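From first to last, the protein sequence lines stand for chains A and B.
Take the first sequence: its position 196, counting from 1, is numbered 259 in this note's numbering, and each next residue is one higher.
Take the second sequence: its position 6, counting from 1, is numbered 631 in this note's numbering, and each next residue is one higher.
No wet-lab data here; the hints were simulated from the structure.
Quick caveat: nothing in here was measured; it's all calculated off a predicted structure.
Quick reminder that beta carbons are idealized off the backbone N, C-alpha and C, glycines included.
Hints may be right or wrong, so weigh each one.
Claimed, not checked - If you only want the chain A side, here are some residues facing chain B, beta carbon under 7 Å, derived:
#1 G99
#2 I100
#3 L101
#4 G292
#5 F382
#6 V386
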Amino acid sequence: MNDTSLRRTPLHAQHMALGAKMVPFGGWDMPVQYRGILEEHRAVRSAAGLFDVSHMGEVEIAGPSALPALQSLVSNDASRLQVGQVQYSALTTEAGSFVDDLTVYRLADDCFMLTLNASNTAKDLAWIRDHLGGRAEVRDVSDRMALIAVQGPRAVEILQRLTPVDLGQVAYYWFTSGPVLGKRALLSRTGYTGEDGFEIYLAPDHAPAVWQACLEAGTPLGLVPTGLGARDTLRLEAKMALYGNDIDDAHTVLEADLGWIVKLDKGEFTGRAALARQKAEGITRKLVGFEMVGRGIARPHNPICRKGERIGAVTSGSFGPWVQKNIGLGYVAIKEAAIGTDIEVIIRDQPVAARIVKTPFYKRTR
Amino acid sequence: MYPADLKYTKDHEWIKLDGKLGRIGVTDYAQHALGDVVFVELPQVGRALQAAETFGVVESVKAVSDMHCPVSGQVKEVNPALETQPELVNKDCYGAGWFIVIEVQKPKELDALMDAKAYEAFVASEAH
C-alpha cells in the first residue's frame, strides 16, 4: 500500500491525517476520496470543496519572443490575453489532435505560464522544447508550485477570509497575485468543477498552512476536502474534457467539439493546416453527451450503436451525483450526432437505451 | 463487523443459510472497498447458478465488480429495493442491502466457505 515510486504532493500528510483513500494517478499518490465521492460531489455543488491538485505541471515560457513562440504551439489565440488573464487552449499535434489540453496564464507581456496535466508534463515539456528550438526560455516550475483549488458557491466567501485581495474584483478566467496568509500566491478564478471558485498557486512549503486554514474557515460553511473521484464526476457533469478519456492524440480539437479554442486566423501553429482542412471538409465524428434511458452505467470503451449498427464508443461515463442520472461522453459518427438521437450503449454485451442530449449536463445558476 | 452466523467467500460475499434457502450479499469490507454503490444488476428469478458463477454486478462511482454465487443453487428472490436504492449496500450490507436468495442445491459446498473468524483473518492478510 506504500508505493515509494509514486510522487507525493506537499499535502500528502494532510491527506493521510484526514483518512483519505489514496490511489496512483499520473505517477502521483493522490486522494481519490475522503468520506465518499457522492457526499463530496454534493458538497461542492451546494457549499464548497477543497482540492489538492499539486500534481498538475506548470511550465513558464519567457523572453522577448515568448508570445510568437507560444502561438506556434497552441490552437487558441494567446495574443488576445491581457496580463492577468487565463485562457483554455490545446497543445496540438501536426494532425490537429491533442498533445495535451492546458490553461495559459499571461504573467507579463513576455512571460506565460502553462498548466498541464500531471501525466503529460514530461511529454509536454519535451514537445515544447523540441518545437521551440530555443526561441524562448522554457522553465519547468512544477516543483516550485503547489496548487489548491477551492470550488463551490461558497468558495469565494471562504477564501476571502485568508487574503486581503478583493476576490470579488477578479473576473472568471482572470487571476491576480497577492498574499494568502501573508505569503505570496497566484489566485486564479478558474476550476474544473463547473462551479465558481479559485485555484491557488503557491510555494509548496506554504501549502499545508493554507490547506488547514481553508478547512478551518470553510468547514462551518459546509466545505469538505474533495478527492479526484468527485473531481471526475464534477467535471463530467460540467462537460469538461479529460485528457486520456475524452481527448487524446487520436482525436482532433474540432472532433472534440472544442472549435472555440481553434483560431485559424491567428497565424501559423502546429496542426493548423490539418484543422483548416478538417474545418473545410467537415468532421466525420464528434464528441457528444448522452443520458442513459435504460438501466446501466456507460463506461469508457463501451461501444455506441444506433439501431444495432456501431457508430462510436464511450470515452467517459458515470452516475452523475448532482443530476441524478447516468451520463456519459463519447465520439459518434457525425450523421448520428444530433441532439435527441436515440442510441444504444453496449454494456456487458447487452444494448442499453440512451439518448444524445444537450451539454453541459449541469450548469450553475449565477 | 463480520457476523458469526454467516459464511464467507474470498470474493467478499456472504451467505446466510435458513433451511434450504441461502441469502447472499457482500461484506462490510467489500462495501468499503467499493465506495458509494450507485448501481446493482441482479439475475432473473429461476436462474440456476453454479458455485463461483457470476450472478450480478455492483457498481460504485469508480468501480465495476462482478458478484459470485458462494454455492450452487436456484435464484428464488432478488432484492427489489436495490433497483432504486443501491446505497443500501453501503448502509446495511448484512440487512436491507442483501442481493439474492437461492435454494441451495449442494449444502456440502458450504463447508468450503470461511467462517467469520477465518474471513477476518483473510481480510487482514489481504490488507497486508
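These are the hints, each one checked on the structure:
no.: 1; hint: G99; result: 5 Å, holds
no.: 2; hint: I100; result: 4 Å, holds
no.: 3; hint: L101; result: 4 Å, holds
no.: 4; hint: G292; result: 6 Å, holds
no.: 5; hint: F382; result: 4 Å, holds
no.: 6; hint: V386; result: 13 Å, violated
Of the numbered hints stated above, the single one contradicted by the structure is hint 6.
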